[in-house]
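2 protein chains.
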Amino acid sequence: MSKQRIAFIGAGIMGAPMAVNLLKAGFRLNIFSRTKSKAQAVIEAGGVWVESPAAAAADADVVITCVTDTPDVEAVLLGAGGVIESARQGMICIDMSTISPQVTKQISSSLAAKGTVLIDAPISGGQVGAIEAKLSIMAGGPAEALKKVRPILEAMGKSITHCGRVGSGQMTKLVNQVMVIHTIMSISEGLAFAEAAGLDLETTLAATSAGAAGSHSLTNLAPKIIAGDFKPAFMVDLQLKDLKLVMDCARQIKQPLPGTALAEQLMSSLQAVGRGKDGTQALVEVIRHLGQNR
Amino acid sequence: MSKQRIAFIGAGIMGAPMAVNLLKAGFRLNIFSRTKSKAQAVIEAGGVWVESPAAAAADADVVITCVTDTPDVEAVLLGAGGVIESARQGMICIDMSTISPQVTKQISSSLAAKGTVLIDAPISGGQVGAIEAKLSIMAGGPAEALKKVRPILEAMGKSITHCGRVGSGQMTKLVNQVMVIHTIMSISEGLAFAEAAGLDLETTLAATSAGAAGSHSLTNLAPKIIAGDFKPAFMVDLQLKDLKLVMDCARQIKQPLPGTALAEQLMSSLQAVGRGKDGTQALVEVIRHLGQNR
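Protein chains in written order, with the working numbering: chain E, 1 to 294; chain W, 1001 to 1294.
In case anyone wonders, no lab produced these hints; they're calculated from the structure. Values in this document were obtained by computation on a predicted structure and should not be read as measured data. It cannot be assumed that every hint is accurate.
Examples of chain W residues lying across from chain E (beta carbon under 8 Å, computed) [to be verified]:
# : residue
1 : GLN1040
2 : MET1171
3 : VAL1178
4 : GLY1190
5 : ALA1263
Here are the computed lysine to aspartate or glutamate pairs in the EDC-like style, where the Cα-Cα straight-line distance is at most 20 Å [said to hold, decoys possible]:
#  : chain 1 : residue 1 : chain 2 : residue 2
6  : E       : LYS254    : W       : ASP1200
7  : E       : LYS158    : W       : GLU1202
8  : E       : LYS134    : E       : GLU154
9  : E       : LYS105    : W       : ASP1200
10 : W       : LYS1158   : E       : ASP72
11 : W       : LYS1254   : E       : GLU85
12 : E       : LYS38     : E       : ASP72
13 : E       : LYS277    : E       : ASP69
14 : W       : LYS1254   : E       : ASP200
15 : W       : LYS1105   : E       : ASP200
16 : W       : LYS1114   : W       : GLU1085
17 : E       : LYS254    : W       : GLU1285
18 : E       : LYS24     : E       : GLU154
19 : E       : LYS148    : E       : ASP59
20 : E       : LYS241    : E       : ASP69
21 : E       : LYS36     : E       : ASP72
No residue lacks a Cβ here, since even glycine has one placed at the ideal position from N, Cα and C.
Pulled out of the complex, with its shape left as it was, chain E reads as follows (with noise of 0.2 Å):
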């Protein structure tokens, strides 16, 4: 059996070195993007530039989208010119966006008209995992279709888990979401709070990394903190976005998160002062700056 023929939509800075990753691979494949400067390493590395969506899909066996918020997977999945146009008996879609788990589970039944499967499989792991093919892949769906695109997955993570039906990739992307962002709270006030103390900052994070304070943000973005580099490895804007989601959905199935409430506020504030496109270590300013009149 040849290697499916591949439609990536999305050639962001996640899309772009997953859809390198997928050709490497073997797999043939069309890129389409909003910016077709975007797709340019894409197109370099063998993919086949089309002009939509809906010509993507349409000698594809599997469709990928990989775009920003939900209503850009509703536009390109089921908008004019998009793949719903192709869609057929057999075609599999994996959005690897993260957007909406309810929303998810609409479009699952728009392409099911159709005969198209839907996968939802959001991702963990930043630029650097995208580049590496090491992402962490949460897949919600048909436990047989999985299994068909399996090897296509591989190609692009390290860790594939199979969540539950459709929609449950994004919800284990969303618990994901909730938990990060109360480690970069951790560090943010355990950092500010040892700085306004007069601490010196290396001499806490070596004495408290190895211990119950322990967190992938305490080893990976406390260090940049210290160094005052806000460069973003996840960027606010899109940590934010996230955080609506998960607030929109806590209050879909009724379960209040105080704590993620409050950071999803303290880190709007970083936005209101234009500094959306920083990592979100950047937290950390936010408190500082609670303290600024001491």
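Position chain W against the provided structure of chain E, taking the given hints into account.
The following block gives chain W in isolation, referenced to the frame of chain E:
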């Protein structure tokens, strides 16, 4: 040079195994504890029971206190029958309790008047760390004095960090507790949200542990939550004691900590319903409860 004689004050779930490890390492040791029965294991391991902190310190080179809160340390060091009555030039006190950094500095001054140096050396690592001599020790005080007692600390811990002058160990421990409480909030809101959404918790844990959401709490406490195990690795009562120290200190140095304050308030609801002896992972029950009427 023969090994120092140690006066050990406090035989709680941390102190008792720490004193036993000192005896195993070949130190001679006097033991005093408010409740004699708690010191039984230390006496059996070769510790010499004495009737007061002053008596414990009379022939000791080094005094170690490992009691609960700030007033307890003040009482055993400076109160009637306290260590101060036997304090003299060259004696070193090591306070391994978690108490107020400010009061630590005051106690240090009182002891200094008798020529006795205080090192604050609070610990992290829990009962298991105490038993296995794998504690993380955050030490504040003069480098020279710390050098003299380092072999003693090494008999109880695996990581000893010199954080700065007296009080810095306590301050670093408070920073540690700020960071810890956020990671407990992280798993509490994350798992309550996942549960309310109908996700399988084991799968969610597998999908999130390896990535950016990772934390010591996710690895060590989340499986307990999933198993419904609320036995303490660290008790709610003690966490709240530490968080009160944090918030008192934060007010004093004028560094607002909104996330920590929220977490403290939510955790205090466990104490309010008589669950102060549960492990800190019981915070998930408070978050669940917020959504109980759904």
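Hints, one by one, checked against the model:
no.: 1; hint: GLN1040; verdict: violated (29 Å)
no.: 2; hint: MET1171; verdict: holds (5 Å)
no.: 3; hint: VAL1178; verdict: holds (5 Å)
no.: 4; hint: GLY1190; verdict: holds (4 Å)
no.: 5; hint: ALA1263; verdict: holds (7 Å)
no.: 6; hint: E/LYS254 to W/ASP1200; verdict: holds (18 Å)
no.: 7; hint: E/LYS158 to W/GLU1202; verdict: holds (19 Å)
no.: 8; hint: E/LYS134 to E/GLU154; verdict: holds (9 Å)
no.: 9; hint: E/LYS105 to W/ASP1200; verdict: holds (18 Å)
no.: 10; hint: W/LYS1158 to E/ASP72; verdict: violated (52 Å)
no.: 11; hint: W/LYS1254 to E/GLU85; verdict: violated (60 Å)
no.: 12; hint: E/LYS38 to E/ASP72; verdict: holds (17 Å)
no.: 13; hint: E/LYS277 to E/ASP69; verdict: holds (16 Å)
no.: 14; hint: W/LYS1254 to E/ASP200; verdict: holds (18 Å)
no.: 15; hint: W/LYS1105 to E/ASP200; verdict: holds (18 Å)
no.: 16; hint: W/LYS1114 to W/GLU1085; verdict: holds (9 Å)
no.: 17; hint: E/LYS254 to W/GLU1285; verdict: holds (15 Å)
no.: 18; hint: E/LYS24 to E/GLU154; verdict: holds (12 Å)
no.: 19; hint: E/LYS148 to E/ASP59; verdict: holds (17 Å)
no.: 20; hint: E/LYS241 to E/ASP69; verdict: holds (8 Å)
no.: 21; hint: E/LYS36 to E/ASP72; verdict: holds (16 Å)
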